[in-house]
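Chain by chain, the residues run as shown.
Number of protein chains: 2
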Amino acid sequence: MDTLSKHDLQQFEEAFCPYYQQAVELIGRKWTGVILRAQLHGILRFSELKAAIPALSDRMLSERLKELEAEGLVVRRVIPDTPVRVEYLLTAKGRALGAVVEVISSWADQWLKHTPGAGRAATGEV
Amino acid sequence: MDTLSKHDLQQFEEAFCPYYQQAVELIGRKWTGVILRAQLHGILRFSELKAAIPALSDRMLSERLKELEAEGLVVRRVIPDTPVRVEYLLTAKGRALGAVVEVISSWADQWLKHTPGAGRAATGEV
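First to last, the sequence lines map onto chains Y and D. The first sequence runs contiguously to residue 161 in the numbering used here. The second sequence runs contiguously to residue 161 in the numbering used here.
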């Protein structure tokens, strides 16, 4: 690569953000984004999250919820009912991901559901 | 779980979307979201993407770009210069992810950069 100009350097610095990387790779972890979307739809109990998300195992759900708890996105609440119920509530930080989930859902709806082949073939179309 | 009402069933169906899952797990794959963000900032050449993204190896960048090409998000263009330059342009489908990258960046800025401890400690705050 040629020597970088001051303009290039600034562009490069703006192009990378470690906080963005942390965020995108957190919500994109297998099942994590899916669990968050279900919670944003008001599904809070462990058993219901399991029922709402096909092919998700108990072990994986449990692991992901623990990670989300550690990240401060969900809070675990035990309700002393018979039988005991366990709910996972979104914190303010977790609820703030609503906008993210919404815009990804829209993109998926437009580009994967309704134009599934878009650009898959190398048409050269840009 | 108790028997599900019709309302519950509908809520469950809306809570899960396979296209959303595909989208969120695609952009959240390690480095993928980061590469897309750099491209949206106008960084298109292989060598410049490498320079803009710390700790990203040649092999990984190459692999991720091939995946993005297969998904129809980028198109590879060879410019017959001396030396030959290779650029990766975003397709319309790829550029449409601009809104996603922006809203994730905002969330990261607010909740990871400026309130990094938010909710990490089990404060019980919901």
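Everything labelled a hint here was simulated from the structure, so no lab data went into it. Check before you lean on any hint, since a few could be wrong.
Given that identical chains are not distinguished, each listed pair holds provided it fits within a single copy or across any two copies.
Said to hold, decoys possible - Below, computed lysine-lysine pairings styled on DSBU-like, alpha-carbon distance capped at 35 Å: (1) 101 x 41; (2) 65 x 101; (3) 85 x 41; (4) 41 x 148; (5) 85 x 128; (6) 41 x 65; (7) 101 x 128; (8) 101 x 148.
Next item on the list: Could you tell me which of the numbered hints above are not met by this structure, giving the numbers in increasing order?
Entry: Hint check: nothing fails, all pass.
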